[in-house]
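J.: Listed below, chain by chain, are the residues.
Protein chains: 2
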Amino acid sequence: MSAAGVGVCAAQGWSAAGVPAGIKGGGAKDVAVIASGPPARAAAVFTRNLVRAAPVIVSMRRLARHGAFRAVVVSSGNANAATGEAGIDVAESMCGGVASTLGCEAEEVLIAQTGLIGVELDAQIAVRGAEAAARRVSADGGMDAARAILTTDTVEKIAVEKCRVDGGEVAVGGIAKGAAMLAPSMATMLAVVTTDAAAAPAVLRRALGAAMEESFHSVFVDGCTSTNDTVLLLANGAAGTREIETREDPAYAPFAGAVAAVCRSLARQMAADAEGATKLVTVDVTGAASDADARCVARAVAGSLLVKCSLAGEDPYWGRVLADAGASGAVFDPSACEISYGGVVVCRGGVAVAHDTAAVTAHMRGRDIVIGIDLGSGAGRAEVWGSDLTHDYVDENMGTS
Amino acid sequence: MSAAGVGVCAAQGWSAAGVPAGIKGGGAKDVAVIASGPPARAAAVFTRNLVRAAPVIVSMRRLARHGAFRAVVVSSGNANAATGEAGIDVAESMCGGVASTLGCEAEEVLIAQTGLIGVELDAQIAVRGAEAAARRVSADGGMDAARAILTTDTVEKIAVEKCRVDGGEVAVGGIAKGAAMLAPSMATMLAVVTTDAAAAPAVLRRALGAAMEESFHSVFVDGCTSTNDTVLLLANGAAGTREIETREDPAYAPFAGAVAAVCRSLARQMAADAEGATKLVTVDVTGAASDADARCVARAVAGSLLVKCSLAGEDPYWGRVLADAGASGAVFDPSACEISYGGVVVCRGGVAVAHDTAAVTAHMRGRDIVIGIDLGSGAGRAEVWGSDLTHDYVDENMGTS
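Chains as they are written, first to last, in our numbering: chain A, 189 to 589; chain B, 189 to 589.
There are no misleading hints in this set.
Partial pick of chain B residues on the chain A-facing surface, computed with a CB cut under 8 Å:
| # | residue |
| --- | --- |
| 1 | N237 |
| 2 | V239 |
| 3 | L304 |
| 4 | G306 |
| 5 | S414 |
| 6 | G507 |
| 7 | F520 |
| 8 | P522 |
| 9 | G538 |
Reference listing, derived: stretches of chain B covered by chain A, where coverage requires no fewer than 3 residues with Cβ under 8 Å from a Cβ of chain A:
| # | region |
| --- | --- |
| 10 | 260-271 |
| 11 | 571-582 |
By construction, these hints were calculated from the structure, which means they are not laboratory data. Remember, it's a predicted structure, so these values are computed and weren't measured experimentally. Heads up, the beta-carbon is just placed ideally off N, CA and C, and yes, glycines get one too.
Construct the complete structure from the given sequences, taking the supplied hints into account.
T.: Okay, structure coming up:
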């Protein structure tokens, strides 16, 4: 695969790099810089965890004070969370190192970090790594950047979409890391999405906000919410198309659609690459009294340990699905419920129904499992993605070393 | 151990039996009957799951219509849940079989069941087993009954407490099954507590309600809530002591204390015997703005998959504990937080603190782990019990067969 135009480098004016700084050790890439020629406007969504990592605090401050950004530095291996004022100083210094290398202000550099919580981050290693990555940014660096932000992920997560603004074309591209802790309210996840569209900050905020619910907020792996979750959307206008000023602009819908498609693709890649996962499960809930109720049921089922274990065992245990739906808090009539695996209905009217067991067995053996739940109580619907629970998940989280 | 006076047979006038009926197969005991000579008053707490198993529906109806009970029939191996009207008929027939054997009315027999959801229960096998158990009840049958109600539990759970009512002594004894799905709002758990005290139904309801929060509701294993959860408290007055009529009665406090102690003991036995568990963890939260906030944090930490995996790996990863507390929804100042393992403080002021690592390592190697969290924000406190997450948990829940 050509490394040009990949992920965050798909849009014009964007360059990136990923280097091994020594935070992870073993020569693994662990610091990425994503840079723009022209200053870029930005929108962001951060963790709702009360415990915010230093990079979250630093980036939030910058976004509140500043309207244009030249780069994002991302590091992996150490979350720089629960590290107090010293951690904030390290994050600031990394931004400063990138800024002086690129020739911009520290205020124009955002930061995101992921890794172990509560471990001091060595300032010298981190700053040197940030500077090294900043020196190497190029249009070919998208894949290296995608690699450098991973923790226990097994593959890089990249996505690109294009859309038209009047006669011109703009690109939206992104990279992400997920793995464990993918929860209803984000996860231990980072995503950086770049575009060469020109858009007002309010338009970026709206497009990103709209994309979140059906992408990163729809991934449910283990219910844990991180201290570091960060999603950034940056627009540098390098495509030369006119600025999208409001959501009433006819170019807003296709642009927001491209942002949503990139986020959705990254989110599904995360669910598929969850720690230890051998299955990607789509829980598709229909017939709920409201979309909110449908989402509630979908999350309860995708997040259920017992359902996750049964997926690992390729066992279509719909009784647990029904029980988890019933415990979700959503209101519905269990005796109107229909449950299917891969489209084959196994429960109707809340009780077992004769069905093609061979077809269900074959579906359960695949990597993509679809659990359909029709609550029979309305028009509300939602889709949530999860994974199975395996020995490997346990092993990956038994120790920090 | 002598089988006389064990568990539900500790109080006078109570007898029990546990027999293999063939629901589980392999000759395992799977039907218990617990009977009283004198009619007993009852209080009950049932699952909050919207999907209620047939035995829950049947017992709720009886408790609403009837004030005195002669027996409880409990079966394991099939939950008789999501089985529709046919399942209700089977549960009614089991009660009827017990009643005709004991010579009482079917309305005087309560029922609880546990096991697989969504699988038809063979009426003939179930009724025959209920009758066989009813025929064999004796004062020596407490342990057999405790055994017959288990599913994936590895040991019987029994507890007895005594207290005084004026000059006389009353006994409170119970049996329970837990294993998986122990959640904040009960679990797949059944418990039957019997006493020879005489008490008004309102007194029984209050004593049981008060006992729930710091016993069964404080066990958190996997966040799943069952269709079948049932806790019953029955009082037959056979001790000959006067009736406890109100909660202002001086005998109420010692009686409620004995009920609470039995429930607490059974709940801790459940947590210790959770599926695949090698550790019993006590999460002790202090310094919260309220008890409710403390409980919220304790549940989030005890229920965190990542914390549970780290316990299996004997890794004192306090960063995850802090992150899960922060995501719990409780409000506190992370920079005032103190976290300890086995009393050794590892995080103070929200950051790592030098400590005796050998002492922490030794504590993590034990079976009983205590995680202390002082939020530094008030006087609220709570204690929740959980377990670690191991390969065995995954294996036990991979398949239903």
